[in-house]
Amino acid sequence: MRYAETGYNLEIDLTRGNIERVETDPELMALFLGGLGTSVKIHYDRVPPETKAFDPENLIVISTGLLCGTPAYSANRTIVSFISPQTGLLAYPMMGGFWSSELKYAGYDKVIINGKSPELVYIWIHNEKVEIRDATHLQGKGAIETQELIRKELNDPDVQVLAIGLAGENRCFTASIEQSRSSSSRGGGGAVLGDKKIKAVAVRGTRAVHLAHGAEFMEHMKEITKYIKFRNENPIPEVMPILSGIGSPQMMKHVDEQWHTESFAWGNARIRRKGFWTKEIEKEWTKSQTGAIKRFISCFNCPQQCGALISHEDVPNYMMKCFSKLTYTMAAFVDDLDFTWRICKRAFEYGLDSFSTPQILAFGVELHEAGILTDEDFAGCPSDKEGRFFWLLDRVAHREGIGDILADGTYWAARRIGNGAEKYDHNTTKKHEQMNIKLGMMDPLYFLMYATNEKISITQMEGNWPQAPFPKKETRESFVKDWPQLPDEKFKKYFIDWEPRGENSNPNYPTPQIASEIVDWMEMLHNIDDALGICAGMGSFCLKPPYHIHNYPKLISAATGMDMDKERLRKTVRRSRNLHRAFNNLRGMGRPDERPPQDHWKHRFPELEDDLLTYYYTFKGWNHDGVPTRKTLEELNLADVAEDLETRGILKDGQN
Amino acid sequence: MAKIKKKIKTIKIDADKCNGCRTCEVVCAAFHSQPKYSSINPAASRIHVITRRLDDIWLPVFAGEYSPAECMGRDKYVIDGKEYDECSFCRATCPSRDMFKDPDSGLPLKCDMCEGEESPLCVQWCLNDVLIYEEREEEVEEMVQIEEMDAGLASLIDRYGLEKIGTALARMSYKA
Ligand code: SF4
Ligand code: SF4
Ligand code: SF4
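So the protein sequences, as listed, match chains A and B.
Positions 1433 to 2088 (the numbering used here) are the ones given, in order, by the first sequence.
Positions 27 to 202 (the numbering used here) are the ones given, in order, by the second sequence.
Warning: the hint list may mix true and false statements.
Computed Cβ-Cβ distance ranges for the label pairs, DEER-style [what the hints assert, rightly or not]: (1) B/K32 x A/V1454: 35 to 43 Å; (2) A/K1654 x B/K32: 44 to 52 Å; (3) A/E1648 x B/I34: 52 to 60 Å; (4) B/E109 x A/E1716: 27 to 35 Å; (5) A/E1714 x B/I34: 46 to 54 Å.
Short, incomplete list of chain A residues facing chain B, as computed with Cβ under 7 Å [to be verified]: (6) P1503; (7) I1725; (8) K1726; (9) P1916; (10) L1918.
Derived by calculation from the structure, the hints in this document are not laboratory data.
For clarity, every value in this text was computed on a predicted model and none was experimentally measured.
The beta carbon of each residue, even a glycine, is placed where N, CA and C say it ideally should be.
Turn these sequences into a full structure, and let the hints guide you.
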């Protein structure tokens, strides 16, 4: 009997039309847990460094996490991993919703897809019965629409469907995979599915997931439930409402967006809209938001309600994801929130990432204003801001005219356009659009996170540590009082000592050592969440979350029967992280790539930043180029990986 | 028949508050697995959240009595402009649909209000206050309660005929 995991993967070879149900090695759970951990292992073992995103050999692995389908609240992430057409590295965007638990109940931990289909197809998984079905009739259909059409076609409303829209079919580099109220967005998973000619994967499962020590598991969950109730009733007093709760940012509940709208840099990550949040805007947005939201909704087995069903005028109903509420509207410099409800529906149907895409559209507008793109490129484009964004969005999804170039994302589009366009690509790291924030003083924590994380997008590696120091010492002291999530008491002192100004402030404090410890802790938690399939909103992404390093080992032990403790858990995710890094190193990623956008902060300190990076690399057991050393890999039972890195000349003698 | 005191257990369902998380299904399935909490299969849950997301329909329905035959006709409700599927509000395990049948054996499932627990598990674990448990006492005529096993047996008899079931039972008891 296998516990927590099902012990089976579904292997689909599209080129040969072959489907196999393959039993997995139980040892893999012991070494990598599941989810991202075991997926990384699969990519590492099977995808050679020469493989490109649109090669048939590029695997796309659609995975559940180890705890998906168990009663663990918010264990609902679907982790999609593939070589990204945008970055050329292993991307792993995740989504909530209802798909991964259903796959578990159908009896599989992962769907591993390889090869390409000659015609557009969708995959239908119903317990042991798995079919590749014709999807030519769904060609060009919206990603939301497709989910409904497939449910109708299969005559079962409880089927869970993930689907791509036109953007995925057209291999736009920021194409997403959409599913119920969520999407797996960053890095272009939709493009890889589209390249393989998979329109959708539908699943329905009516089998059981087993727990090794179920009663004990439920006891731990009771504790966690108690905390969730407590936190929901007692938001963290020291921070602003949007940061004070648990779950993903509660942007459907809260109307007050002064902080996001005014502190972020909009357009092509350029302009802070200071003074935007007037009384009038607040009034209009309240009216628009409360009018558009029909109901707050959650993901599978989650008590929070981060999403919402949107019903706005003549726009057919759809579901909203948190930050999309702002990205298109703000990037387009539109003031009217009604624009959000309209453009998001179209963007979600096309299946496009709401983080990257608005930046890319604004990048196009900027190039036009700068005369690098011409009036001819924009022939037919309406002159009003709303119309212009809709027009650009349509061009991108259809890969028409200038849209064909913009569909490759900021970095690649800038190179294709040339003529000085490269300078306008100012907000990418590793060829990927970064969070649109521009700040004053270099911050060591964020420097490390932007520069080094395998996620490549900051929003999913930060979280447990406050984004900025609190001005008042007594607030800091009251904040640390009740903070059991910390891995070590000494972190409390780090936080109390951290000042907005003076000696103990950015860029010198946190010191490289303290910064490394804090970042390492946050990254570890993300890696745990991503292996377990837990929503980061309940673990690694919010302040004082319900799940943390002290209760995770107990849950994992009770679920799997493994003897898990903090040290072992730490080591387990360190193993998968290092394997992930080695995989990326083999694909050419190294120190020169590990840079936050140059203008992310006004005040930069090249020497200090260099030292910081070196310190952090050493802390992580990596060499000067950011490659795991032989010693590190051997400690993690990855000696064969060291072998590979040496053979390829990536780990050179004397560096380890 | 004699009058007896009966505890009426009610779960009030504030469906407008339901966010469709299916936690109730998960915990019900876990609680009723053997041994308790050893496995989770929402398809074996005694509560089912009828979900039509884009139509704004999230309707928790509890498994009721086993019915050997489907109704003579079907009903279809429209409330607040939302059209519910046929039989949506019905709790019966009935030949017309798969709902509330154990996915492995096909036997009918019935909500037992989590007998033995302080309050129903689905109520305890729904943190959105959709499910509210209420208890009160009433004087009622004494009535024979159909137990879960009886309902299971009845459904087997309906499916295979009394004779076959009888033979199988005899054979099994002989083996034992
Ligand atoms: S916290 Fe929000 S995003 Fe996370 S699982 Fe729950 S509803 Fe989904
Ligand atoms: S647990 Fe509550 S909110 Fe969630 S589906 Fe069930 S009734 Fe609805
Ligand atoms: S009361 Fe108990 S048996 Fe009935 S649906 Fe709820 S959890 Fe299941």
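Task: Outcome for the supplied range 35 to 43 Å, where the beta carbon pair is B/K32 and A/V1454 - done: violated, 54 Å
Open item on the list: Verify the CB-CB distance for A/E1714 and B/I34 against the hinted window 46 to 54 Å.
Closed with: holds, 48 Å
Open item on the list: Tell me if the interface restraint on A/L1918 is satisfied: Cβ within less than 7 Å of some Cβ in chain B.
Closed with: violated, 26 Å
Open item on the list: Tell me if the beta carbons of A/E1648 and B/I34 are separated by a distance inside 52 to 60 Å.
Closed with: Once the Cβ atoms are compared, 34 Å apart, the range 52 to 60 Å for B/I34 and A/E1648 is violated.
Task: Given hint A/I1725 near chain B, where the shortest CB pair must fall under 7 Å - done: Not OK, violated: A/I1725 not within 7 Å of chain B, min 11 Å.
TODO: Let me know if the C-beta of A/P1916 comes in closer than 7 Å to any C-beta of chain B, holds or violated.
DONE: A/P1916 check fails; min Cβ-Cβ to chain B is 21 Å, beyond 7 Å.
- [ ] Look at the Cβ atoms of B/E109 and A/E1716 and judge whether their distance stays inside 27 to 35 Å.
- [x] holds, 33 Å
Open item on the list: Does A/P1503 hold up as a contact with chain B if the rule is Cβ-Cβ below 7 Å?
Closed with: Holds, about 5 Å.
Task: Cβ distance range 44 to 52 Å for A/K1654 and B/K32, holds or violated - done: Given range 44 to 52 Å: violated, Cβ gap about 31 Å.
Open item on the list: Does the closest beta carbon of chain B sit nearer than 7 Å to the beta carbon of A/K1726?
Closed with: holds, 5 Å
In this structure, the earlier hints numbered 1, 2, 3, 7, 9, 10 are contradicted, and the remaining ones agree with it.
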